[in-house]
Amino acid sequence: MSGIVKVYPPDVLALDNVDIMIRWGTIHSIIGENGAGKSTLMKVLYGITPASAGRIFLDGRQVRFASPRQAVREGIGMVHQELMLIRSYTVWENVVVGSEPAAPLGTLKQAEARARVEELVTRWGLNLDPDAVVGDLSVSAQQKVEILKLLYRDASVLIMDEPTAVLTPQETSELFARLRQLNQAGGTIIFISHKLQEVLDISDEITVMRKGKRVMTAANEGLSRTDLARAMVGRDVVFAVGRQRSEPSGRGGTVDVGMKPRDAGSPAARGDERPHAARPALEVRGLSFTRPGAVKPALSDVSFDVSRGEILGVAGVEGNGQFELVQCITGALKPDAGSIRMDGRDVTGASVMERRRLMCSVPQDRKHTGSAQTMSITDNAIMAHHRLRPSLSARWRALLDPRACRGFCVDLMRRYSVVAPGPDAALAQLSGGNQQKVIVGREFSHDTGFVLLDNPTRGLDVGSIEFIHRQILNKRSGGAGCLLVSADLDELLALCDRILVMYEGRVAALLDGETADREAVGRAMLGLELSPEPGPGPGSEPEPEAGAEPRTEVGSE
Amino acid sequence: MRRQQAVAAAVGVVVSLLAGLMILWLQGYPAAQSYSALFSYSLFSQFALFSTLNKASTLVLTGTSAAVGFGSNCINLGQVGQFLMGAMAAAAFGIAVGLPKWLTLPLVILASIVAGAGWSLLAALMKLKWRMNEFITTLMLNFVADYFTQWLISGPMLDPRAYSPMTRMTNPQAWLGMYNGLSGSVAVAACSFAVTWLVWNRSKFGYECRVMGQNPSFAAAGGCAVPRNFVLAMLLSGALAGLAGGLMVIGGMQHRFVKGIGANYAWDGVMIAIVAGNSITATGLYALFFAVLQTGAMGMELETAVPSEFALVLQAIVVLAVVASRESTRLFLAGLAARIRARRAIALGDARAAQAAQLAQRAEADHAAPTGGGQDEPRA
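Chains H and L supply the protein sequences, listed in that same order.
Under this note's numbering, the first residue of the first sequence is numbered 33, with each subsequent residue one higher.
Under this note's numbering, the first residue of the second sequence is numbered 17, with each subsequent residue one higher.
Derived from the structure by calculation, the hints contain no laboratory data.
Hints are not guaranteed to be accurate.
[Claimed, not checked] Under the rule of at most 25 Å between Cα atoms (straight-line distance), these lysine-lysine pairs were calculated in the PhoX-like manner:
1. H/Lys399 <-> H/Lys366
2. L/Lys145 <-> H/Lys366
3. H/Lys366 <-> L/Lys143
Let the sequences and hints guide you as you build the complete structure.
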């Protein structure tokens with residue numbers, strides 16, 4: 033693929049002159065952060081979306097796929113992140129659907145089709161029952177069906193879009209064995225992921241993408257996770273960003289709330305040292321919640337505190353209760369049991385607006401809950417301020433003063449260096465990073481003791497991430513207690529004083545941010561027993577006390 | 017943003033007027049003459065202008081009713097029912113109440129507002145209680161209101177002296193009166209339009225409604241009381257439609273509830289709100305424009321025998337053209353931006369490639385003459 037450019041209207045440059053060459057018979061990984069353009073590149077290759085410019089060559093011959101069907105005809109197949117199967121059909125029916133062997137009258141040659149599928153299953157040792165109904169299968173087995181579909185269509189190039197996102201570690205290694213087997217049989221595999229270790233495990237060649245550009249392509253020899261991470265992010269990652277920053281903020285503390293020598297005792301002990309922290313910013317006690325109709329509780333008996341001047345991180349594989357926890361705290365969900373106190377006040381039954389006096393919240397979904405894209409920046413900036421900030425009211429309190437609102441927005445844009453045509457421009461005209469700055473600015477302008485951050489940097493470019501991280505650290509040094517929910521472990525490790533790990537709706541572990549490393553957090557995320565196994569994994573983060581055992585506390589009983 | 021919308025609207029209106037001209041011409045009518053009749057009978061005399069304003073006063077109210085509803089994400093399609101209930105309340109109070117005029121008139125107006133709002137409240141409550149979609153309930157309630165009022169005017173409230181279903185005439189104390197052909201309802205409509213504009217564009221409640229209309233989850237996350245605002249927006253929407261109905265009785269010529277009193281006003285209001293993109297200001301302007309078309313069409317029929325139904329054709333074309341041009345302007349601009357961006361990226365890529373090539377060349381050159389260069393320098 034050469035010089036591929038893809039612009040999503042109006043001006044999102046998803047792919048910027050990407051050149052990439054994939055050799056026959058290799059396993060070629062493409063890695064990058066969310067939004068780096070991996071999936072878009074594959075969609076272009078597979079004919080799902082047309083490229084704005086650029087050419088694709090297959091075997092030296094220029095090709096142009098207008099639809100996936102044409103790509104399949106050329107032997108290219110793609111397994112999507114979300115599986116696309118008909119759940120009520122059997123395995124073999126799913127496999128043949130769309131290219132059934134048909135008898136002259138257009139009837140389906142059932143026996144023949146089934147036999148071919150069975151033959152493929154045995155040849156590849158897939159361990160699938162062709163007559164099983166797909167809806168009854170596990171996710172990994174369904175993924176096998178997807179692969180089988182491609183084999184049935186004689187695909188020689190397999191594109192796997194983040195196949196391991198839905199798999200357990202055991203299933204992942206089984207998948208890898210299968211991919212290697214296919215590769216040895218001459219298949220070419222393009223493997224999309226953002227998990228570094230997996231990529232190092234399986235690939236022959238690795239391409240790193242960042243912000244729509246190909247950053248590097250290298251043979252998988254002597255590469256380390258650090259190398260890849262640096263290429264992905266464009267700087268050293270885990271490692272130190274937050275740590276460096278937290279110190280100056282401590283020194284520069286005119287408000288010295290919560291700034292402490294970083295190595296002072298346990299978190300609880302630290303809390304006691306600080307007079308201001310007598311009342312924690314947030315206290316959660318015995319929080320339980322079960323979604324109506326669900327069997328398993330989404331949250332069960334979750335308890336923790338967020339002290340003032342501390343950042344408490346919440347880690348966990350997506351869907352382990354973080355979302356419900358956030359919703360209970362914002363007031364979007366009413367918990368079945370338990371209590372929530374902010375700044376000592378019980379807000380368990382309080383409305384969203386009442387809570388807004390005590391907390392601010394950066395939601396994870398920028399477009400859905402964080403903003404109204406079609407409205408102006410001003411309209412987006414004054415949300416919640418319109419009720420809580422008297423200076424925005426006109427003389428008659430039910431009305432807003434448009435000039436004050438505009439001024440507030442202009443000021444916010446200046447303080448948070450938002451690049452925009454002006455306060456009246458629609459929010460949708462701004463880049464994602466600038467939109468997020470508006471949202472963070474709006475929320476942080478609430479002078480509250482508790483700050484809730486739900487994946488505040490998801491899908492942003494590096495510059496905006498740094499900016500927002502700095503703002504979060506500023507908030508902390510200003511004495512606010514922050515709860516940072518994030519799917520990005522590096523972010524948590526870089527910023528947090530303590531890290532709470534959630535597993536199946538429970539607090540699985542409470543780790544010290546200072547000493548925790550990826551492995552410890554990762555084990556807790558998987559619900560594995562926290563073994564006191566010392567020593568970092570291969571290519572682990574440069575923790576100064578890497579050998580030290582992570583200090584852990586198990587949360588609520 | 018706003019300028020872009022104005023341009024799109026202007027383009028749409030001009031295109032549709034031209035399309036109407038074409039249709040007239042193709043059908044063999046004197047097109048230019050018809051158009052001049054259309055406008056002279058709606059704008060260019062006092063009587064014409066006043067008739068247009070009278071018509072506009074109703075359209076403005078049903079239009080803002082729909083715009084307030086749609087704009088805050090309450091799909092209130094019950095203007096017909098709310099209009100009829102408002103009109104019926106005005107008729108009933110106008111017949112029953114015989115107090116002095118300064119007391120009767122406000123009372124009757126209030127009655128129509130309450131009736132309209134009450135009718136929409138039913139739908140709002142059904143939504144809150146049983147999650148019934150207001151889109152369907154308001155539509156269904158239209159039929160209830162229609163048959164209910166028909167029963168009233170042909171049964172209990174039938175004027176014994178009338179030959180067709182209608183109520184008795186209301187007391188003269190409940191008449192707004194005409195001033196040189198300009199109905200008093202114009203003033204009432206103008207006032208309520210101003211109030212609605214202020215509430216919608218300047219009040220905190222209006223701001224929350226507008227956010228709710230664009231993204232209800234954002235409003236909820238920001239602490240707006242979404243269910244309460246929903247009910248209030250429904251009430252406001254219903255009240256405006258009810259007032260439109262009430263003014264029809266107290267401000268018109270007949271001063272009674274006659275069968276078919278609503279005509280098409282309610283649906284025209286929905287159409288106007290859609291064309292106006294739920295903006296209150298634009299709703300006012302389009303209400304005037306549609307009133308011009310509807311009023312002028314009758315004059316046109318007199319002068320050039322073009323059937324007055326032609327106004328309906330023109331309205332439909334305006335709706336299509338404006339809405340289409342609004343969407344296509346946006347898409348066109350977005351597509352243009354994308355294309356420019358792609359071209360710039362390619363150019364940048366080329367420049368980068370050229371630069372790389374240059375660097376490579378230089379490196380090669382350096383490589384080719386390393387000895388010479390290396391020896392030269394120490395000497396110099």
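Check each numbered hint against the structure and report the violated ones by number, ascending. none
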